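Novice: Working from the sequences, and respecting the hints, build out all of it.
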Amino acid sequence: MSGKLAFVLSMIIFGAVGVFAKYIPLSSSEIAFWMSLIGACFLVVIFIYKKERFTKRSILKNKWKLVFSSIALCGNWIFLFQAYKETTIANAALSYYFAPGARYLFISNNLKGEASW
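75 is the number that this note's numbering gives to position 39 of the sequence shown; each next residue is one higher, with no gaps.
To be clear, the hints were calculated from the coordinates, so they are not data collected in a lab.
Treat each hint with caution, since some may be false.
What the hints assert, rightly or not - Calculated lysine-lysine pairs in the DSBU-like style (CA-CA distance at most 30 Å, straight line):
hint : residue 1 : residue 2
1    : LYS58     : LYS40
2    : LYS86     : LYS101
3    : LYS40     : LYS87
4    : LYS86     : LYS97
5    : LYS87     : LYS99
6    : LYS97     : LYS87
7    : LYS87     : LYS101
8    : LYS86     : LYS99
As the list claims (entries may be wrong) - Quick list of simulated restraints, FRET-style, between CB atoms:
hint : residue 1 : residue 2 : range
9    : LYS58     : ALA135    : 15 to 23 Å
10   : ILE143    : ALA76     : 31 to 39 Å
11   : ILE60     : VAL80     : 22 to 30 Å
On a predicted model such as this, the values are computed, not experimentally measured, just so you know.
In this text, a Cβ means the ideal position worked out from N, Cα and C, and glycines have one as well.
Specialist: Dropping the structure here:
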């Protein structure tokens, strides 16, 4: 699959998530749980297909990074799906994509931080 096709396909899938999340009669945390579970199963299939291995040692070495990043990702999805349910899909997507810019503005103005590129 070409890079452009993969990019377009991923944007279509991610763009359709809002429509499905808005009308699914599950809570935001349940939707995030099922998306995480499906994504994990998909990654296992990819690892098996590519014949790549990950060891118990490598998982344990990075366990706290994995735990904290998983919590952050699930929390992010829960807030996103709740935004889809509470407001329009366009407003939820706009606020979701504006978050890094808002973080930058907050850090640079309030905490006197500098941007590192």
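Novice: Hint by hint, note whether the structure agrees.
Specialist: Do the hints match the structure? See the list:
1. LYS58 <-> LYS40: holds (28 Å)
2. LYS86 <-> LYS101: holds (24 Å)
3. LYS40 <-> LYS87: Status holds; Cα separation ~25 Å.
4. LYS86 <-> LYS97: holds (23 Å)
5. LYS87 <-> LYS99: Answer holds: LYS87 to LYS99 is near 22 Å, not above 30 Å.
6. LYS97 <-> LYS87: holds (21 Å)
7. LYS87 <-> LYS101: Judged against 30 Å, a Cα distance of about 24 Å means the pair holds.
8. LYS86 <-> LYS99: Given that 30 Å is the threshold and the Cα spacing comes to 23 Å, the pair holds.
9. LYS58 <-> ALA135: 15 to 23 Å: holds (19 Å)
10. ILE143 <-> ALA76: 31 to 39 Å: holds (32 Å)
11. ILE60 <-> VAL80: 22 to 30 Å: holds (24 Å)
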